[in-house]
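Chain A is fixed; fit chain B onto it per the hints.
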Amino acid sequence: MRYCAILAAVIWAGLATAQGWEDRQVFGTGDAPLRVLSSTDTSFFRPIIEDFIATSPEVSVEYLVTGTADLDVLFRADPTAYDVVISSAMDLQLKLANDGFAAQLADVDHPDWAEWHDSLFAFTTEPAAIVINRAALGDLPVPRTRQDLIELMRAHPATFDGRVGTYDVRQSGLGYLFATQDARASETYWRLIEVMGRMDARLYCCSGAMIDDLIAGDLVVAYNVLGSYAEGRSETEAALTVILPSEFPTTMMRTALVSRQASDRPVAEAFLRHILALQATGDATRFPLPPLAAGDGPVIGLNPALMTYLDKMKRDTFIGEWEDAIVQDD
Amino acid sequence: MTAEVNTRGSLRTRLALILTGGAAGLAVILFVVVRALSAQIAQQGQDNVLSASMSSILDSALVRDGRVSLDFPYSSLSMLTTDADDRVFYAIYEGEVLLSGYDDLTVPQGVTPDRSRFTTVAYKGEPVRLATGVRRLIGADGQRTVSVTIGQTQDALSNTLNAISRNVALLGIGFFVLATGLAVWAASFTSGQLRRLTTSVTRRGPQDLSPVSKPVPSEMVPLVGSLNTLMSRLDHTLTQSEDFIAEAAHRIRTPLATVRSHAEATLQRVDHAENRQALLSMVRAIDESSRAAGQLLDHAMVTFRAENLEKGEVDLEEVLRELVQRMSPIADMKDITLDLVAQDASVLHGDAILLQNAFRNLIDNALKYAPAETAVMIRVDGRKVTVCDGGPGFAMDEIHLLSGRFVRGKDTGHKVGSGLGLTIVQAVTTAHGGTMTLSNRPEGGACATVQF
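Going down the list, the protein sequences come from chains A and B. Residue numbers for the first sequence, in the working numbering: 1 to 330. Residue numbers for the second sequence, in the working numbering: 1 to 452.
This is chain A alone, in the form it adopts within the complex (with noise of 0.2 angstroms):
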């Protein structure tokens, strides 16, 4: 134990100094802040962080956003450091919460299939898109399905090679999430990345640097964007379109959970209270993440078996064949 403190210190104290936060926000003017690990990008929390402010004040809140991989290591490296975990990547956050991470909340007046073992609970629902550089594309038709995106590729190398992008799953915890659900649901996965590593596909850690690049045309098309990401930019870079294939959708929740060792669990708690009180007015303002939504076809369940692709031999398996689809380079 004394071994995994020093480990855990050290790793913490090289983190601290060498850590670049994407981003790092407080909130507030309160002495010991409500330290939230999220993987969301700090303008889509804004409303919500001012909103609980607004209703405790003497509250303050320290918004610090990471990839979702990185979350992870993190906060298993360092549980008491963190009062709030929010992140789109639900396996990894599932076994959080089954390992124990997480603190139970009681009386939670949720949905039943929005949360897991009253520690984890899912408060939007986002679905993978593919994103289209409008512009780019030119004359060619607007693919509806993966089947067609693969057929267009295949049709036009020209106008893809090296202008196609996706989440490198060996970086991203929301990439391998999607791949691996992707995957689960149909071969034509594995044929869309390999085609897209035959179209030497450029790797992203995150969405917003994928739309990033779409905006300034150097990709054409980006696969597995998130949804709400590529909605939020595209309203303003009219270039862009988005498509939920239409085949199958694979759409995701973003979960938050209170540590178990949190410093201050009244307050962690109030505020996951909170968000799930937004997200349940439908309030675009105060709310801007798509809310919880029943209806729009399935969504990747809340479940122990979100924990199968993080079995170390099934997880090396996997990145094994998808690195054989889409890194041709050697």
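Derived by calculation from the structure, the hints in this document are not laboratory data. There may be inaccurate statements among the hints.
[What the hints assert, rightly or not] Quick list of in silico lysine-lysine cross-link-like pairs, DSBU-like style, CA-CA up to 35 angstroms:
#1 B:Lys384 - B:Lys334
#2 B:Lys384 - A:Lys95
#3 B:Lys124 - A:Lys312
#4 B:Lys334 - B:Lys368
#5 A:Lys312 - A:Lys95
#6 A:Lys95 - A:Lys314
#7 B:Lys368 - B:Lys384
#8 A:Lys314 - B:Lys334
#9 B:Lys311 - B:Lys214
[What the hints assert, rightly or not] Over 12 angstroms on every C-beta distance to chain B, these chain A residues come out as not near it, computed from the model:
#10 Asp31
#11 Glu58
#12 Leu120
[To be verified] Interface residues of chain B toward chain A, partial, derived using beta-carbon atoms under 7 angstroms:
#13 Asp65
#14 Ser69
#15 Ser78
#16 Thr81
#17 Val88
None of the values given here were measured: they were computed from a predicted structure. Virtual Cβ for every residue (Gly too), placed ideally from N, Cα, C.
Positioned in the frame of chain A, the structure of chain B alone reads:
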């Protein structure tokens, strides 16, 4: 009236206690057994699912490129989804080397391929049910042993058990309440039979010695039989003794009359003062005996008739007027006047002969104790008859004893009397549901009041 009886315990309480105690015991046994059975069944259910999950993981094991790999399906873990969101843990070992899963999970040792093992351990602060299975793989370089342990917390199981326990507890309580109700009913039904018998015996008149005729349960037949026999013997003895008394009195009275007439005849012929005095004493004694015998007969008659009243309409005023008329000669001899005052005299539903006898005894008493030149007041007021005389009155210290058999006042002196007069009055009054009170008048003289 209830005589002192030795009591130990109560049949009803004992019966109710035995039955409710039995019911409580049965309810507890029911609860324990059903709960244990359902716990076993529920555990069996969880074990089956764990076993299926473990097998499906184990089945995916194969040796690839000299390495053991398990590419287990999504369903292996998804089948462990429960309503209570139970946590799931697993560990996959090749020999002693952890391939994947939780390295700190306690894996049972010595599991063989032909038999999987189920254990319950505490893991991460919760009881976890583990299923462990082993499989041997044949690779190019020989035999490999793969073991899979899959565990699940028991929240759903304990929820199910709690629900079952609640229902079984309700069932047990319901059973107990029902059985208790039945026990109380059975106990009170049983004791009710006894109580009914008691009531029917208690409610009888003092002279009623007839056998119990109402049907009784077979268990009580010996008791009731003995009771009936006892009462008929008692009845027989009583009748015999009263018959004997009446017979004796009758037998004595007739010879006494003969003796008296002889004594009076002799008195006519005797001149010597001493002898006359002796004869007079003799006549007085004979009178006293004869009167006593007469009253014994009266009393026997009253006792007999009181049991079987021959009821009819009796006009109190008429009865008394007739008595006054009949007794006036005796009163005249003693210079006593009999005054009858009737006011709203009632017509009573009773035995005329008995009532007449009672009133005659009252007037007789008054005439006996009233001094000469006084009046005996007989007053009828509704259903109340009062007879008062101008005599010395009752002695207050013995007034409550006077209605007893053969009890006479202390200062009766040489008056002829048997001590049965007021006893007869009392018996008749009681037989008619009335009361007799004795008192003294403030201005002197005794009063006997009969209120029907």
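List in ascending order the numbers of the hints, as given earlier, that are violated by the structure. Those not satisfied are hints 2, 8, 12, 13.
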